[in-house]
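Asker: Below are the chains, spelled out letter by letter.
Protein chains: 2
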Amino acid sequence: MTLDPVLTRIDADLPQALDRLMALLRIPSISTDPAYAADCARAADWLVEDLKSLGFDASSRPTPGHPMVVAHAEGPKGRATPHFLFYGHYDVQPVDPLSLWDRDPFDPELQETPKGRVIRARGASDDKGQLMTFIEAMRAWKAVHGEMPCRITIFLEGEEESGSPSLIPFMQENAEELRADIAMICDTGLFQDTAPAIVTMLRGLLGEEITIRGPSKDLHSGMYGGAAINPIRVLSRILANMHDAAGRITIPHFYDGVTELPDEIRAQWQALAFDHARFLGDVGLSQPAGEQDRTPLEMIWSRPTAEINGIWGGYTGDGFKTVLPSEAHAKVSFRLVGGQDPQALRTHFRDWVRAQLPPDCSVEFQDHGASPAGQMQIGHPAFDAARRALSAEWGRPAAYVGCGGSIPIAGYFKSILGMDAMLLGFGRDDDQIHSPNEKYDLECFHKGIRSWARVLAGLTG
Amino acid sequence: MTLDPVLTRIDADLPQALDRLMALLRIPSISTDPAYAADCARAADWLVEDLKSLGFDASSRPTPGHPMVVAHAEGPKGRATPHFLFYGHYDVQPVDPLSLWDRDPFDPELQETPKGRVIRARGASDDKGQLMTFIEAMRAWKAVHGEMPCRITIFLEGEEESGSPSLIPFMQENAEELRADIAMICDTGLFQDTAPAIVTMLRGLLGEEITIRGPSKDLHSGMYGGAAINPIRVLSRILANMHDAAGRITIPHFYDGVTELPDEIRAQWQALAFDHARFLGDVGLSQPAGEQDRTPLEMIWSRPTAEINGIWGGYTGDGFKTVLPSEAHAKVSFRLVGGQDPQALRTHFRDWVRAQLPPDCSVEFQDHGASPAGQMQIGHPAFDAARRALSAEWGRPAAYVGCGGSIPIAGYFKSILGMDAMLLGFGRDDDQIHSPNEKYDLECFHKGIRSWARVLAGLTG
Numbered sequence: 001m002t003l004d005p006v007l008t009r010i011d012a013d014l015p016q017a018l019d020r021l022m023a024l025l026r027i028p029s030i031s032t033d034p035a036y037a038a039d040c041a042r043a044a045d046w047l048v049e050d051l052k053s054l055g056f057d058a059s060s061r062p063t064p065g066h067p068m069v070v071a072h073a074e075g076p077k078g079r080a081t082p083h084f085l086f087y088g089h090y091d092v093q094p095v096d097p098l099s100l101w102d103r104d105p106f107d108p109e110l111q112e113t114p115k116g117r118v119i120r121a122r123g124a125s126d127d128k129g130q131l132m133t134f135i136e137a138m139r140a141w142k143a144v145h146g147e148m149p150c151r152i153t154i155f156l157e158g159e160e161e162s163g164s165p166s167l168i169p170f171m172q173e174n175a176e177e178l179r180a181d182i183a184m185i186c187d188t189g190l191f192q193d194t195a196p197a198i199v200t201m202l203r204g205l206l207g208e209e210i211t212i213r214g215p216s217k218d219l220h221s222g223m224y225g226g227a228a229i230n231p232i233r234v235l236s237r238i239l240a241n242m243h244d245a246a247g248r249i250t251i252p253h254f255y256d257g258v259t260e261l262p263d264e265i266r267a268q269w270q271a272l273a274f275d276h277a278r279f280l281g282d283v284g285l286s287q288p289a290g291e292q293d294r295t296p297l298e299m300i301w302s303r304p305t306a307e308i309n310g311i312w313g314g315y316t317g318d319g320f321k322t323v324l325p326s327e328a329h330a331k332v333s334f335r336l337v338g339g340q341d342p343q344a345l346r347t348h349f350r351d352w353v354r355a356q357l358p359p360d361c362s363v364e365f366q367d368h369g370a371s372p373a374g375q376m377q378i379g380h381p382a383f384d385a386a387r388r389a390l391s392a393e394w395g396r397p398a399a400y401v402g403c404g405g406s407i408p409i410a411g412y413f414k415s416i417l418g419m420d421a422m423l424l425g426f427g428r429d430d431d432q433i434h435s436p437n438e439k440y441d442l443e444c445f446h447k448g449i450r451s452w453a454r455v456l457a458g459l460t461g
Numbered sequence: 001m002t003l004d005p006v007l008t009r010i011d012a013d014l015p016q017a018l019d020r021l022m023a024l025l026r027i028p029s030i031s032t033d034p035a036y037a038a039d040c041a042r043a044a045d046w047l048v049e050d051l052k053s054l055g056f057d058a059s060s061r062p063t064p065g066h067p068m069v070v071a072h073a074e075g076p077k078g079r080a081t082p083h084f085l086f087y088g089h090y091d092v093q094p095v096d097p098l099s100l101w102d103r104d105p106f107d108p109e110l111q112e113t114p115k116g117r118v119i120r121a122r123g124a125s126d127d128k129g130q131l132m133t134f135i136e137a138m139r140a141w142k143a144v145h146g147e148m149p150c151r152i153t154i155f156l157e158g159e160e161e162s163g164s165p166s167l168i169p170f171m172q173e174n175a176e177e178l179r180a181d182i183a184m185i186c187d188t189g190l191f192q193d194t195a196p197a198i199v200t201m202l203r204g205l206l207g208e209e210i211t212i213r214g215p216s217k218d219l220h221s222g223m224y225g226g227a228a229i230n231p232i233r234v235l236s237r238i239l240a241n242m243h244d245a246a247g248r249i250t251i252p253h254f255y256d257g258v259t260e261l262p263d264e265i266r267a268q269w270q271a272l273a274f275d276h277a278r279f280l281g282d283v284g285l286s287q288p289a290g291e292q293d294r295t296p297l298e299m300i301w302s303r304p305t306a307e308i309n310g311i312w313g314g315y316t317g318d319g320f321k322t323v324l325p326s327e328a329h330a331k332v333s334f335r336l337v338g339g340q341d342p343q344a345l346r347t348h349f350r351d352w353v354r355a356q357l358p359p360d361c362s363v364e365f366q367d368h369g370a371s372p373a374g375q376m377q378i379g380h381p382a383f384d385a386a387r388r389a390l391s392a393e394w395g396r397p398a399a400y401v402g403c404g405g406s407i408p409i410a411g412y413f414k415s416i417l418g419m420d421a422m423l424l425g426f427g428r429d430d431d432q433i434h435s436p437n438e439k440y441d442l443e444c445f446h447k448g449i450r451s452w453a454r455v456l457a458g459l460t461g
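Sequences listed follow chains A and B, in order. For the first sequence, UniProt numbering gives the first residue as 1, with consecutive numbering after it. For the second sequence, UniProt numbering gives the first residue as 1, with consecutive numbering after it.
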């Protein structure tokens, strides 16, 4: 049996694994602030040295921004397949406002809390603690078996929290080196804090800014009110038309490429027994506001949206001003699912807005980015192996879940390297990532390491 | 003939009249800035002395703000009727940005321009030049006839440009003293720069601010988008519903009290040959946007409006943020006509908004004031006399016109003193009141003085 001694080794080595994570957490690798560039490089070097100590051929690779860490290890007897790539990121979010932290964000500490022991530090959960679960699993495997379970490539980024400007060019330039059978990404969480979960659906995102212009200058509403077109009225009407009474989006061709959930996934989601009332109640709501024939979980994981993220125009200060403004603005975004084509949708949206313009009005659009939805190929054997491994480790059936947000890296592996990706992670909802007092539960770190050992055993055993 | 020698006297005395106006314009009576309080008092004193020199029983009357000037003159042989009140204001707007002025705003100058000679100074048109047209007419009359044409009360305010905080209490406390047969207000303009005009319809104004609340905090649109109600969407839908496709306002009972134009007034407006294309073209528009069965002149003078003066919510800065905001805001105002009841309308509007709220949303309203429309009683003989007088002086038929904006003083004369008001004035559209380089055409000043002499001759002859 190859797995059990590895799990035993992981349990025994936990204090040392924690020490190593603490050392990494002490490096303030804030990628968005140039003042921390040397720290980012130091974190990359630390990881390179650690991976070399496991026998990886590891290097810190320069980019115009922060370095990438790339490491390779052979499989048993030099076997080239299977070949798995692991992705994580060693950079962290800024820490301000520092005054809201209970201690130095870069002086990590293991703390007792009513809910168990936690590792408190910036990056503990996002993503240093998570990426170390994989590395520690490899370390234990190597210690027990003297080699890796299979051919492994590790790919760690240092710009994830600052827009990943170097990621696409680096992947393009090093495509041959990075291509593997599947990418495993550890930057997500458990479902409702306890159930292991594999994210198989990620929504895409399309951002647009609209400016509607009418009169050539701001007018006095006494002088012109009633005769002159008001751009806020025009904008409100267009935005109001985006949804019908049943919550469906009315833009022509909007639902092109949107497919219904497979029965198997629907059954898994129902089995999750998601607490819809608590989900909405936590933010003061009681009624789901989306398409009226869908559950809230479907709405956020598997259905596209049209959302107004900001609106402004005219006089917005204290008191009152009877202005009839010359322009009005809105920021609108669309969450995309399935095969919706962001660029086609942008065109459909713009055409639809233009078609509703009254005389004398013009519209200007600003492109705020686009990424398609991610639909993981769960037919790949890694998914089934991971489900079984996670279910065994956590004592609850692992589920294929959706994610309402966007994780662009999964799409890049597919579009640039032609490889599928599998997202699984061990964060909890209260980890306070991106916020003061970030933490990672020791249980998540420990069981996360064990989970990876089980996943790789399942795929190579 | 009582009039002709007065007109001759006015023509001969014009240089001196101009000197007197220049003296008044040199006093920087900016009412909104406490630094100019002494200058406001000085302007009031200057007017008191000038009116005393014409035989008026004049005084500067203290208020919690700037003083009121009140002056009385007997009619011939002490006759108590008719008794006319004249209203104007001696305070002026601030002058910033000073850098946009071509000269010191309080160093008035007579300038030659391609369109004729103009008096350039802050307050030249609004309202010192205009109020002096009346006083100079009285001066000429007195010089020629040794007495006023009838009993006259002059009432000059020093807070018109700063919200008139003392006006209503002062009118209430001095109602007996101020009450006359009719109030003549000189603070308006010619129609399209050439046609004399008497404003007989003023729109009222109702201001409301709406705040729509949904989720208890700002949400991430990836996490909650599709399931959580978006207050901007709710607000947009409500605002979009305010007008139907034909431009009519849909709020129940909104048109209660709105009456159709009398045929005579409609005929006068048609005779004005208002250049709708130029009116709209000046501000970059080509199509009137209001009720589709009305002309633009009707829209701005005789029809009520619902206008969104400001809107804001969510993220409005640079770039993009996928926020699903917890609240959204709008400032909405209604221009009122005829017998529309502002307070009833406020209630109807609020009820109408509340009836459209989806589950989990709440609304809060803020009252931004209300004033009813002003409908002058053109049956009063002063109107017909003024029309004939103005037509004779300007060589074009004077018209009864509307005013899209609000001039609250006219309503106060009615509601507090029970007297009708008649608004006529000689400003031009390019006078740049409230802006840098304000001016008043010498022609307007001269013919304005002559106009008042004619009006009073017509009413007393």
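Watch out, some of these pointers could steer you wrong.
Repeated chains share a single entry, so a pair holds when one copy, or any two copies, can fit it.
Stated by the list, open to error - Straight-line Cα separation of at most 30 Å, DSSO-like style, residue types lysine-lysine; simulated pairs:
| no. | residue 1 | residue 2 |
| --- | --- | --- |
| 1 | Lys321 | Lys217 |
| 2 | Lys217 | Lys115 |
| 3 | Lys414 | Lys52 |
| 4 | Lys414 | Lys115 |
| 5 | Lys217 | Lys142 |
| 6 | Lys52 | Lys77 |
| 7 | Lys321 | Lys414 |
| 8 | Lys321 | Lys142 |
| 9 | Lys115 | Lys321 |
| 10 | Lys217 | Lys52 |
Worth flagging that the hints you see were computed from the coordinates, not collected in a lab.
Asker: Next, verify each hint and record whether it holds.
Answerer: Results of checking the hints against the structure:
Within a single copy, lysine 321 and lysine 217 get their C-alpha atoms as close as 15 Å, and across copies as close as 29 Å, so both meet the 30 Å cut-off. In this assembly of identical chains, the alpha carbons of lysine 217 and lysine 115 lie at most 30 Å apart only when taken from different copies (25 Å versus 59 Å within one copy). Proximity of lysine 414 to lysine 52 under the C-alpha cut-off of 30 Å is restricted to the intra-copy arrangement: shortest distance 28 Å within a copy versus 92 Å between copies. Proximity of lysine 414 to lysine 115 under the C-alpha cut-off of 30 Å is found in neither arrangement, the shortest distances being 39 Å within a copy and 72 Å between copies.
With identical chains, the CA atoms of lysine 217 and lysine 142 are never at most 30 Å apart, being 71 Å at best within one copy and 47 Å at best between copies. Within a single copy, lysine 52 and lysine 77 get their C-alpha atoms as close as 19 Å, which meets the 30 Å cut-off; across copies the closest is 116 Å, which misses it. Proximity of lysine 321 to lysine 414 under the C-alpha cut-off of 30 Å is restricted to the inter-copy arrangement: shortest distance 26 Å between copies versus 53 Å within a copy. Neither within a single protomer nor between protomers do lysine 321 and lysine 142 lie at most 30 Å apart by alpha-carbon distance, with minima of 72 Å and 44 Å respectively.
With identical chains, the CA atoms of lysine 115 and lysine 321 are never at most 30 Å apart, being 53 Å at best within one copy and 33 Å at best between copies. For the homomeric pair lysine 217 and lysine 52, neither the shortest alpha-carbon distance inside one copy (65 Å) nor that between copies (46 Å) is at most 30 Å.
Checked against the numbered hints given earlier, this structure breaks hints 4, 5, 8, 9 and 10; the rest are met.
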